[in-house]
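**Student:** Listed below, chain by chain, are the residues.
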Amino acid sequence: MCKKRCHISIVLEESMKIVVALFVLIFAQIKKLVAMFLELRNESFIKAFLVLGVLLFILLLITLRNFLVWRKTYIWIQDQSIMVERNTWFHKKNVYNIEYISNIDLEQNLFERLIGTNRIKIDTNSSVTASKTDIKILFSCEEAKNFKQAVLAGKSSEQPKEHMQIDTEERKECEDDWTSQAKGRLRFSGREIARHVLVSVHPFTYVVIITYIIAILMLLGNEFGNNGINHIWIKIVGGMAATLLAIGKVIYEKIKDAFALYDFKIYRKKDKLYLEYGFFNHVAKTIPIDKINAVIIKEPFFARLFRLYQVQIVNVGTGDEKNENRFILLSLPKNKVLEYMKELLPEYESFLKQKMTYQSKKYYFHYLYKSVIPTVILLFVMYYVFIIQSVFQSYLFPIAGSILFLCVLGTMFLRFHTHAYHMESNYILVSNGIFAKSTTAVLYGKIQKIAITGTILSKVTKLLSVECFIIGETGKRQVSLPLMGREVVNQLVKYMKETDSNI
Amino acid sequence: MKYEYQKLGKKVLWYMYLKTIITDVIAILVLTLIRYFIPWKDNYISAVYYILILLTLLELPIVPYYKYRVYTYKIDEDCIYVKEGFLTIVERIVPIERIHNIEIEKGPFLRMFHLANVTIITAGGEVAISMLDETLADSISEKLRDKINEIVRQRAEVSQIERKNLRTDFRKDIVTEDKKGQQNV
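Protein chains in written order, with our numbering: chain U, 66 to 568; chain F, 19 to 203.
The hints are simulated quantities; they were obtained by calculation from the structure and are not laboratory data. Keep in mind that the hints are not guaranteed to be accurate.
[To be verified] Here chain F is said to cover these stretches of chain U; the calculated rule only asks that three of the stretch's residues, wherever they fall, bring their Cβ under 8 Å from a Cβ of chain F:
1) 417–424
2) 505–519
[Stated by the list, open to error] Just a few of them, taken from the derived set where beta-carbon distance is under 8 Å, the chain U residues facing chain F:
3) Ile-453
4) Phe-457
5) Arg-542
6) Val-558
7) Met-561
8) Lys-562
9) Asp-565
Only a predicted model underlies this, so the values are computations on that prediction, with no experimental measurement involved. Beta carbons are placed, not taken as given, at the ideal position from N, Cα and C, and that holds for glycine.
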């Protein structure tokens with residue numbers, strides 16, 4: 066394959082980011098700037114134009130730098146590897162082996178859609194780079210599709226050429242008609258997406274808003290008592306605006322989430338999942354089944370109330386960018402999840418039907434043992450702040466202390482009722498959570514490392530805590546198992562040893 | 019064949035004492051600086067300061083010795099096991115076939131005692147067999163490398179066979195489809 070440059074629009078896109086950042090900066094300081102400008106006008110126009118000129122010059126320099134980077138950056142495929150070479154002052158050459166590529170996705174934001182380009186996102190299968198995208202390339206739509214095909218062909222280079230052609234045709238055939246009700250092809254309606262977004266709201270969001278309203282009302286009450294009704298209207302307007310802003314931000318975030326999942330559709334063809342979604346930023350994902358490191362069945366607090374289930378995957382390249390979605394099924398009732406999982410991921414379908422084993426009640430001793438020292442330290446700090454330093458009223462100390470105890474005990478009981486496991490010969494299921502619940506399914510072949518922890522109490526209770534490490538971005542890398550006895554731990558290690566890795 | 023957990027050499031204990039002395043001196047310095055610069059000084063803050071200093075000083079005779087006694091490792095046919103800790107003991111297990119890379123690290127203090135750390139890196143994290151004798155670290159790393167190369171070779175052979183089978187299946191499919199096509203014509 067010959068060396069290629071990114072589409073030239075990348076220069077404009079990168080420079081535009083600076084313009085937007087400058088605009089935000091200017092907008093935040095608009096009052097000061099206007100004052101400064103008026104002052105300058107009185108003194109001399111030349112000074113004002115000089116400031117503007119310097120800004121434009123900086124922008125020009127940045128654009129020139131982006132242009133040079135674009136001109137000297139080449140991408141090509143050679144010997145089963147993607148090569149990215151930058152011949153600028155800081156010479157850089159990266160070689161990514163196609164065999165280790167986990168995902169190759171196409172993305173398009175509004176600007177890219179207007180000028181007909183596509184962003185290619187490539188991720189390699191390693192935890193080291195799991196929290197960010199490894200390669201980002203901007204090509205014209207046609208070139209991007211060809212490049213993706215070339216990489217996919219490289220991944221299975223030993224296959225006969227005709228096979229690849231048939232695969233491409235089959236894929237196209239499926240992509241052509243999303244409205245078809247063929248098996249395993251799923252398209253979520255606007256209503257279903259809205260339901261998903263609403264049940265995903267964290268209950269604390271409501272708590273924060275209510276606390277906000279109460280705090281403002283209390284503040285207004287105080288002001289009313291001190292200054293009388295004549296001075297209070299400014300505070301009322303300010304308080305209302307602040308509350309509305311907090312509520313508006315939540316609504317804005319949810320609408321943004323709904324647009325990000327707009328027209329969510331998924332299907333499976335052979336050993337790959339094909340996903341498409343997004344209104345402003347259209348995403349088309351191809352996920353090889355063997356690169357899925359775990360499947361998570363999520364039940365956020367409100368979804369749990371309405372008995373709805375969401376399915377996520379842990380896969381390098383899915384969910385690593387800000388606000389990126391890692392769902393393969395949005396909020397659905399259990400029977401629907403079972404039905405669709407049979408078509409999309411039959412390898413993981415049985416997971417939903419398993420009966421979980423809950424941990425021994427001796428867990429309470431372990432939890433209290435772990436919580437005693439932090440709780441005592443917190444109580445000591447509270448005592449110091451409330452009683453000795455008198456930062457707050459001293460009568461608030463017992464209230465704050467009781468809240469702390471309630472939180473510790475409440476977390477202990479709620480966690481006990483969700484933390485459970487189920488072990489089969491080829492996978493392990495782990496459920497946990499406090500208000501929300503999530504059940505993670507991991508194939509033994511995907512476990513990279515196990516850490517078994519025993520405390521002083523373990524000698525008495527004979528219980529150990531176990532953590533399995535898989536490939537995934539930060540936060541999704543560790544799967545914490547409930548406390549279990551040595552024989553169960555040994556069984557887990559035995560299963561892991563016997564299973565071949567299939568990364 | 020039965021594999022036993024291995025203990026570290028005697029000189030490791032001296033290395034651990036040295037490391038603890040250095041970290042304790044730094045900790046006491048930091049605590050004293052914080053106490054000196056803290057804007058409010060009362061009996062409670064002083065009490066916390068002296069308790070922390072006492073705990074730091076108590077660490078020196080107890081912790082390195084106990085940690086040395088707990089630290090053990092084992093390498094069997096399939097996995098690497100490392101057990102370490104003080105009050106909380108952690109056992110880490112890594113299957114050999116998941117290893118991506120092996121690193122040998124020798125810092126200035128480790129070199130003083132002719133010791134080395136062997137870090138085993140997998141796609142999902144890493145585990146270190148720390149404070150090994152230099153020669154032992156080299157031999158362990160070499161043995162692991164040989165083992166991984168063997169696994170990679172075996173995998174390549176299996177995948178070649180699988181690919182051959184795939185090609186044969188594909189040709190069979192083409193022939194069948196061709197025959198069907200001819201019959202239809």
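**Student:** Could you run down the list of hints and mark each one as holding or not?
**Tutor:** Evaluation of the provided hints:
1. 417–424: violated (count 0)
2. 505–519: holds (count 8)
3. Ile-453: 6 Å, holds
4. Phe-457: 17 Å, violated
5. Arg-542: 7 Å, holds
6. Val-558: 6 Å, holds
7. Met-561: Because about 6 Å separates U:Met-561 from the closest Cβ in chain F, which is inside the 8 Å limit, the hint holds.
8. Lys-562: It holds, given that the least Cβ distance between U:Lys-562 and chain F is near 5 Å, below 8 Å.
9. Asp-565: At about 7 Å, which falls below the 8 Å cut-off, the nearest Cβ of chain F leaves the hint on U:Asp-565 intact, so it holds.
Going down the numbered hints, you'll see the structure goes against 1, 4, while the others check out.
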